[in-house]
Amino acid sequence: MKKTYVYLTALLISITACKKEEVKTETSTTDTTTVAKEEMPAEAEKPMDSIAMQKAWEAYATPGEMHKRLAADNGTWNEEMTFWMGPDAKPQKSTAVAQNKMIFNGLYQESTHKGMVMGMPFEGKSTVGFDNAAQEYVSTWIDNMGSGIMMMKGKYDAASKTVNMSGECVDPMTKAPKKIREVWTVVDENTQKMEMFDTANGKEYKSMEIVMTRKK
Numbered sequence: 001m002k003k004t005y006v007y008l009t010a011l012l013i014s015i016t017a018c019k020k021e022e023v024k025t026e027t028s029t030t031d032t033t034t035v036a037k038e039e040m041p042a043e044a045e046k047p048m049d050s051i052a053m054q055k056a057w058e059a060y061a062t063p064g065e066m067h068k069r070l071a072a073d074n075g076t077w078n079e080e081m082t083f084w085m086g087p088d089a090k091p092q093k094s095t096a097v098a099q100n101k102m103i104f105n106g107l108y109q110e111s112t113h114k115g116m117v118m119g120m121p122f123e124g125k126s127t128v129g130f131d132n133a134a135q136e137y138v139s140t141w142i143d144n145m146g147s148g149i150m151m152m153k154g155k156y157d158a159a160s161k162t163v164n165m166s167g168e169c170v171d172p173m174t175k176a177p178k179k180i181r182e183v184w185t186v187v188d189e190n191t192q193k194m195e196m197f198d199t200a201n202g203k204e205y206k207s208m209e210i211v212m213t214r215k216k
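Per UniProt numbering, the sequence shown starts with residue 1, numbered consecutively.
Since the hints were made in silico from the structure, they are not lab data.
Remember, it's a predicted structure, so these values are computed and weren't measured experimentally.
Backbone N, C-alpha and C fix where the C-beta goes; we use that ideal spot for every residue, glycine too.
Be aware that one or more of the hints could be misleading.
FRET-style restraints, in silico, Cβ to Cβ [claimed, not checked]: (1) Asp143 <-> Lys193: 18 to 24 Å; (2) Phe197 <-> Lys161: 16 to 22 Å; (3) Lys101 <-> Pro172: 18 to 24 Å; (4) Ala72 <-> Gln135: 35 to 41 Å; (5) Ala52 <-> Glu123: 42 to 48 Å; (6) Ala52 <-> Gln92: 51 to 57 Å; (7) Lys203 <-> Gly106: 38 to 44 Å.
In silico SDA-like pairs for lysine to any residue, Cα to Cα no more than 25 Å straight-line [claimed, not checked]: (8) Lys153 <-> Ile51; (9) Lys206 <-> Val117; (10) Lys206 <-> Ser126.
Full structure from sequences and hints, please.
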C-alpha cells in the first residue's frame, strides 16, 4: 500500500512540474513584463511536499470508525418491505434477503438484495462508503427494475443513531429531476430500518420502508 502512495505522490509531482514547464514555454514569446508576471510563483502552483501528499492519501484511503460501523452490518438480513406508489396509495408488502460484505480493503459496503416485488423477481445492489475527505456517507443503488443509478450523500447523527441521506433522480414519468432522501435508523445490533421519501407534485411523501433483521 505504501508503494502505491509513493507512486501516486511521484506522479502528482511530475504532473505539477509539467504544467509549470508549459507555462514558461508559452510566455517566452511575450515581452519581458508578461514573462515576469507569468513566472511569479502563486500559492496554488506550489507543489505540496511529497511527505504531506503521502500522508494525505494514506488518510483518504484508510478505513476509519465510520467504516467499522459499516463492517458491523456484515451478514445476511431478512427484509420486510412496505411500498407506497403515491401519497394516497395503499401500502403494498414484499420480502427480500440482503447479503452485506465489505470490499476494497474495508472501504465500502456492498449489499446484494433479492426477493419478490409486486409479484416479480427483484434484484438490487448498493454500495455505501464513508468519504474521509468530505466527511460524509456516499451511496449508490442499481436494480433490475430501472436503468438509472441512484446516488445519495449524507451525515451520521450519533444522538438519534441515524444516517440522513439526500439526492436527486429523474422521474421516469415526467423526465424531470426530483428530490429524494433516505433515513437509516439503527434500532439495535440486529435490527435496522430504512425509510425512503419521494416527491410528487412538489410535495414529499413516504414511498418505502424496510425493516431489516439480521439472520442468525
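Results for each hint:
no., hint, verdict
1, Asp143 <-> Lys193: 18 to 24 Å, "holds, 20 Å"
2, Phe197 <-> Lys161: 16 to 22 Å, "holds, 19 Å"
3, Lys101 <-> Pro172: 18 to 24 Å, "violated, 31 Å"
4, Ala72 <-> Gln135: 35 to 41 Å, "violated, 20 Å"
5, Ala52 <-> Glu123: 42 to 48 Å, "holds, 44 Å"
6, Ala52 <-> Gln92: 51 to 57 Å, "holds, 54 Å"
7, Lys203 <-> Gly106: 38 to 44 Å, "holds, 40 Å"
8, Lys153 <-> Ile51, "violated, 31 Å"
9, Lys206 <-> Val117, "holds, 17 Å"
10, Lys206 <-> Ser126, "holds, 20 Å"
Figure legend: structure checked against the earlier numbered hints; hints not met, in rising order: 3, 4, 8.
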